[in-house]
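Participant: Given next are the chains, with one letter for each unit.
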Amino acid sequence: MSMAVISLTLLALAFGLALGYAAIRFRVQGNPIADEIEALLPQTQCGQCGYPGCRPYAEAIAAGTEQINRCPPGGDTGIKVLAELLGTEILALDEGAGVEKALPEVAIIHEDACIGCTKCIQACPVDAIVGAAKLMHTVITAECTGCELCIPPCPVDCIDMVVEKIDLQSWRWPKPAAIRNIPISVEVSDKVA
Amino acid sequence: MLAPIGTYLHSFPGGLKLKHYKAMSCQQSLPVPRLPLSAEYVIPVSQHSGSEDKLIVTVGQKVLKGTAFSSSEQATGAAIHAPTSGLITAIEARPVPHQSGLKALCVIMEADGEDRWAEMNPCPDYQELTATELITQVRAAGIVGLGGAVFPTATKLAGTEKIHTLILNGAECEPYIACDEILMQQAPEKIIQGAQILCEILAIPQAIIAIEDPMENCQKSLDKAILQAGAEALIKVVKVPMLYPEGGERQLVQVLTGEEVPAGGLPLSLGLLVQNVATVAAISDAIIHGKPLLERIVTVTGNGIVAPQNMVASFGTPISELVDFCGGYTPSIARLIMGGPLMGLALNSDSLPLIKASNCILGLSSADVSSTQPEFPCINCGFCVSVCPAGLLPQTLQTMIRSENFSALEPLHLEACIECGCCDYVCPSHIPLVNYFRYGKDQLQQLAIDKQKSTLARERYELREQRLEKQQTERRARHQKRKQALAGSADKQTSIAAAVARAKAKKQQPEGSDS
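Chains as they are written, first to last, in the numbering used here: chain V, 904 to 1096; chain L, 112 to 626.
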């Protein structure tokens, strides 16, 4: 009896120590689920979801406090991949957050109207606007995510969203039209007649 | 010691035995005629699959034949040149032969009829130049792969230390195209010379010219030119069996060596460099005579053309002039195609300009074009699998692309598809398979670009967050320091009063002056 108690106690102690060591030695830094969710978000950093960026939204989804359908730039495709990752239902995009754009847009600054107030520079979440106080500002198109956060602060309304122009390099083959109506009924009726 | 490449022939999976119609355009006597000067030339700035070049000419400028329009300094660029002497009347977007039907930047030139050459830099003693100098000349001459891929040749030649064999591709396998066949009969000495230059650049001891089985005349003329040049030890002509698409780069390598070019890789990884024969002839022109790439042999053929023939035509010429030169269209003309019937590009107008990729202008009659048939569901017959020269599963790929399941495409190696059209040709359900594959490839490319963009945005967002946080901590530290300094000073009351006064003064200043 005492033998059993002692041996079990020793075993429990040994395993407890091993587990305790492992918990410290192999501690996972950060939140791996939030990381995976973040990788699927479009990184527009637009805040339309109600969070100050994609990372906070990803953390909220990982914590289970937010739905997956609040990202308009990701759109239906984004919701689909998030649902696949999390094993949840595919939801329709929450219209309260915004609507999905048909084509990607970027901001442009009408440079002759810009007064150089730097307010858009402070608003840009990805530092894609360059300029200095009282000097003209401009958007680095390649780095603009199209979040539209620069538009409200502009006191002279000189920022517009434009659809990126399609040239030979950015043109993409369209999807072939879906199967056309198969004239089976016509052929059958012909044969019957 | 292994037998040299080309001693034994191998085969690739799939392929189609197609009836050839090359004879249709090859009845003429050699040399083939040169198209008369056109009144206006439209030269698209970007005619290759590399980066876009910078224009160095302006509207209103008078140029001589061979003047460069764009600088070719970029790593994957290829310059364009004036096809004749004349005046640049405009630089604007015009329709170009491209599947999108979009307009692209073109240089529009009015010919002055004199056809006067700019000063050239011929170099008959190419052995005196270093490999780098030769490659620079090839780049300046705007030479691109003339087999259809239009990849800048200089880029292909740079960084090729491991090459042991040069393969010259004369096996044009599309049923109607005969421009390379004509070139090999008309100017074999240029091809041989070009091959010798390439062997010099790459410092390699052997080159193979691959031609199709029935090209008896080409073998004779090439063999004669090799003898004349005294290059028997260097260059060998090998006939490959006629099985479409044996002229594809990967398929030709497989036929000659029995080895498969890895998916996503290049023949370079097997120590091979494949060049089209017309490209090699252009290299010889560029180095020996200093002539940039201004023209090419074009096959104008098909039952929709009155007198099919081959001709030398300058880039920028309207395609309608080539057709007119052949007597125009027959009443049965139904479709105009640039390239061959399997891989070519249907044109919506014959006013489009001839470009470097235009090896053939094909006018098909209504009897040649099968009427549009309704697409039926895939019945998994497997015909497409049996003909695919890349060994892919077209029907599975098609299903995945149709359902937008792009992540499933990677293990199926969609990128290995060469868009040869064999699967389209045999599909009993008339499924536009190649169109699906093009769509799928473009979507994968777009997804990769989007991924890259979102990674960049995340990095920039995180860096900004870090910067803002750093500024915040620094500001806090500054405040703390000032507080401590105040607390430690002897005349505490006075300094506090002074600080309050300072703060008040600051407050009275208008806001925004510190932004």
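Don't take each hint at face value.
[What the hints assert, rightly or not] In the DSBU-like style, the derived pairs of lysine-lysine whose C-alpha atoms are separated by at most 30 angstroms in a straight line are: (1) V:K1037 with L:K581; (2) V:K1022 with L:K552; (3) L:K402 with L:K165; (4) L:K618 with V:K983; (5) L:K165 with V:K1068; (6) L:K564 with V:K1068; (7) L:K564 with V:K1004; (8) L:K562 with V:K1068; (9) V:K1068 with L:K552; (10) V:K1022 with L:K615; (11) V:K1078 with L:K552; (12) L:K564 with V:K1078; (13) V:K983 with V:K1037; (14) L:K165 with V:K983; (15) L:K594 with L:K618; (16) L:K615 with V:K1037; (17) L:K214 with V:K1068; (18) V:K1078 with V:K1068; (19) L:K214 with V:K1004; (20) L:K562 with V:K1078.
Since the hints were derived computationally from the structure, they do not count as laboratory data.
Participant: Now tell me if each hint is right for this structure.
Facilitator: Verification of the supplied hints:
| no. | hint | result |
| --- | --- | --- |
| 1 | V:K1037 with L:K581 | 26 angstroms, holds |
| 2 | V:K1022 with L:K552 | 41 angstroms, violated |
| 3 | L:K402 with L:K165 | 21 angstroms, holds |
| 4 | L:K618 with V:K983 | 53 angstroms, violated |
| 5 | L:K165 with V:K1068 | 19 angstroms, holds |
| 6 | L:K564 with V:K1068 | 17 angstroms, holds |
| 7 | L:K564 with V:K1004 | 17 angstroms, holds |
| 8 | L:K562 with V:K1068 | 20 angstroms, holds |
| 9 | V:K1068 with L:K552 | 21 angstroms, holds |
| 10 | V:K1022 with L:K615 | 26 angstroms, holds |
| 11 | V:K1078 with L:K552 | 11 angstroms, holds |
| 12 | L:K564 with V:K1078 | 23 angstroms, holds |
| 13 | V:K983 with V:K1037 | 45 angstroms, violated |
| 14 | L:K165 with V:K983 | 43 angstroms, violated |
| 15 | L:K594 with L:K618 | 19 angstroms, holds |
| 16 | L:K615 with V:K1037 | 27 angstroms, holds |
| 17 | L:K214 with V:K1068 | 12 angstroms, holds |
| 18 | V:K1078 with V:K1068 | 20 angstroms, holds |
| 19 | L:K214 with V:K1004 | 25 angstroms, holds |
| 20 | L:K562 with V:K1078 | 21 angstroms, holds |
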